[in-house]
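Enquirer: Each chain, written out:
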Amino acid sequence: MSTKKTHYPEIPRKNLGPGWWLANRHYTVYMIRELTSFFVTAFSLIYIYQVYRLASNPGTYSQYLDTVRNPAMISFSIVALGFTLFHSVTWFYLIGKIQPIKIGRKKTSPLLALGINTVFLVIISFAVLQLFIVGK
Amino acid sequence: MSKMSTVARFHALLWGVFSLGGFIAAFFLPILIYINNIAYPLGLWPVTSQDPTRLLVINQTVSTLFVFAAVGGSLFHGIFRLSATLAELGLKKQEAKITALGYAIIAVGLLALGYYLWVLSPNIIPGLAPPWSK
Numbered sequence: 001m002s003t004k005k006t007h008y009p010e011i012p013r014k015n016l017g018p019g020w021w022l023a024n025r026h027y028t029v030y031m032i033r034e035l036t037s038f039f040v041t042a043f044s045l046i047y048i049y050q051v052y053r054l055a056s057n058p059g060t061y062s063q064y065l066d067t068v069r070n071p072a073m074i075s076f077s078i079v080a081l082g083f084t085l086f087h088s089v090t091w092f093y094l095i096g097k098i099q100p101i102k103i104g105r106k107k108t109s110p111l112l113a114l115g116i117n118t119v120f121l122v123i124i125s126f127a128v129l130q131l132f133i134v135g136k
Numbered sequence: 137m138s139k140m141s142t143v144a145r146f147h148a149l150l151w152g153v154f155s156l157g158g159f160i161a162a163f164f165l166p167i168l169i170y171i172n173n174i175a176y177p178l179g180l181w182p183v184t185s186q187d188p189t190r191l192l193v194i195n196q197t198v199s200t201l202f203v204f205a206a207v208g209g210s211l212f213h214g215i216f217r218l219s220a221t222l223a224e225l226g227l228k229k230q231e232a233k234i235t236a237l238g239y240a241i242i243a244v245g246l247l248a249l250g251y252y253l254w255v256l257s258p259n260i261i262p263g264l265a266p267p268w269s270k
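In order, the protein sequences belong to chains A and B. Following the working numbering, the numbering of the first sequence begins with 1 at its first residue and continues without gaps. Following the working numbering, the numbering of the second sequence begins with 137 at its first residue and continues without gaps.
Rather than coming from a laboratory, the hints here were simulated on the basis of the structure. A virtual CB, placed ideally from N, CA and C, is assigned to each residue, including glycine. Check before you lean on any hint, since a few could be wrong.
In silico contact screen, one side only, chain A against chain B (beta carbon under 8 Å); selected entries [unchecked claim]:
| id | residue |
| --- | --- |
| 1 | GLY17 |
| 2 | GLU34 |
| 3 | SER77 |
| 4 | GLN99 |
Please model the complete structure; the sequences and the hints are all you need to start from.
Expert: Here it is in structure tokens:
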């Protein structure tokens with residue numbers, strides 16, 4: 001057996017600008033999917049700040065709640081919810097693509113994974129609502 | 137060799153946590169955003185006039201753990217993915233700095249979230265009171 005390494009010529013690569021993802025619909029959808037992470041991160045940090053305000057100074061916490069009621073904040077939250085739901089749908093589809101489950105001779109399709117996980121999302125959301133009802 | 141495999145194992149672990157965070161964000165974050173930031177300020181079903189965060193995290197064990205998992209997992213997933221996305225958007229040269237900053241934000245964010253939730257619900261760790269709390 002030969003131990004000689006084969007050296008392949010380097011393929012010339014085009015330098016891509018920051019707007020490369022606008023050139024093709026698939027790239028654009030891909031980038032929108034990745035940018036859902038911005039809203040996931042932003043909401044997480046905002047919520048940590050809310051918990052900090054509640055824990056560190058309950059007296060001034062009601063001032064923070066005025067920020068939550070601000071129309072700009074509500075608008076941001078509606079956009080964040082849209083992007084987070086887009087993350088959910090694309091994540092479920094992606095999992096079905098990466099890890100299909102074998103049942104007999106057949107493999108599950110990404111659409112089936114999306115459907116099943118969406119049902120779980122609804123069930124889990126109702127279960128979380130119960131936490132609020134218990135809290136009351 | 138063993139050092140490399142440790143690094144590779146740690147890398148695999150981070151990707152595992154990222155994947156878990158993706159599921160957590162997908163299943164838990166939409167309902168939390170809806171209740172806390174849309175239903176509460178707009179007075180929509182099922183929220184009453186009471187602040188949902190107070191209901192969830194003051195002297196509650198299960199819902200406090202839920203908030204920690206939902207927000208902590210989402211933070212890890214979001215920052216891990218955002219760092220890679222920023223590199224793809226033209227910040228490739230700054231990738232190492234962005235990644236380091238991302239891990240720092242994750243560490244501080246998780247510690248702060250865990251500590252303040254513990255202050256609000258000390259019963260999540262029975263028999264141990266949080267230091268420096270009022």
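Enquirer: Confirm or reject each hint.
Expert: Hint-by-hint comparison with the structure:
1. GLY17: Result: holds, 7 Å to nearest chain B Cβ.
2. GLU34: At 4 Å from the nearest chain B Cβ, GLU34(A) passes the 8 Å test, so the hint holds.
3. SER77: holds (4 Å)
4. GLN99: At about 10 Å, which exceeds the 8 Å cut-off, the nearest Cβ of chain B leaves the hint on GLN99(A) violated.
In the structure shown, a violation is registered for the earlier hint numbered 4 alone.
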